[in-house]
Amino acid sequence: ADTAMFGHFIGGLQRYVPEIMPLFAPNVNSYRRIRPNHSAPANIEWSHDNRSCGLRVPAGGRAARRVENRLPGADANPYLAIAGSLLAGYLGVEEKIARSAEASGNAYKIKSTLPKTMEEALDRFTACAPVRALLGEDFFQTYLRVKSVELDLFQSVVTSWERDHLLLKV
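Using the numbering used here, the letters of the sequence shown correspond one by one to residues 10 to 179.
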């Protein structure tokens, strides 16, 4: 059986991961993979050995008990992804956040609470005071500024899809 602290750690991940997604999905394109049935987790559900969940507890003895956070993408900085996971889990332990019931079956069918765009992710990141406090104001402001500038630059470009589908076919 899992310990209460382990459950709180998972509860913290479930509560705070949606707020720290810019650490796990750092680019505009990162959010394209966070869709149901695309072989990438699209939720913050947890389960023992269920790969459709964003948080997976692999099989193993108590000494090997761990939670696998499957949400960071290949484009995430691994140090920031680990720091974000530890931060969220720590807050769960400190705040004694209860985890949800274990997901069963296809978790892709469960409505996701993750941000769907970089803009939404940055808004949620900005509004999360506990995360901001633990990351430190200097890091928080610098990271937020960099990601906001990148988003502004992206939004100022007309994409090839827009050109092909909205200009040439209309």
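Quick caveat, the hints were computed from the structure, so don't treat them as lab data. Careful: at least some of the hints might be erroneous.
What the hints assert, rightly or not - Label pairs and their calculated CB-CB ranges: (1) V155 / I91: 31 to 41 Å; (2) S113 / R154: 20 to 30 Å; (3) L95 / D58: 14 to 24 Å; (4) I91 / L153: 36 to 46 Å.
As the list claims (entries may be wrong) - Think about it this way: if two alpha-carbon atoms lie no more than 20 Å apart in a straight line, the pair counts; the simulated EDC-like pairs of lysine to aspartate or glutamate are: (5) K125 / E159; (6) K156 / D173; (7) K156 / E129; (8) K125 / D173.
In this text the structure is predicted, and so the values were computed from the model without any measurement. The beta carbon of each residue, even a glycine, is placed where N, CA and C say it ideally should be.
Hints, one by one, checked against the model:
no.: 1; hint: V155 / I91: 31 to 41 Å; verdict: violated (19 Å)
no.: 2; hint: S113 / R154: 20 to 30 Å; verdict: violated (42 Å)
no.: 3; hint: L95 / D58: 14 to 24 Å; verdict: holds (23 Å)
no.: 4; hint: I91 / L153: 36 to 46 Å; verdict: violated (20 Å)
no.: 5; hint: K125 / E159; verdict: holds (17 Å)
no.: 6; hint: K156 / D173; verdict: violated (27 Å)
no.: 7; hint: K156 / E129; verdict: holds (12 Å)
no.: 8; hint: K125 / D173; verdict: violated (24 Å)
Hints 1, 2, 4, 6, 8 from the list above are not met by this structure, while the remaining hints are.
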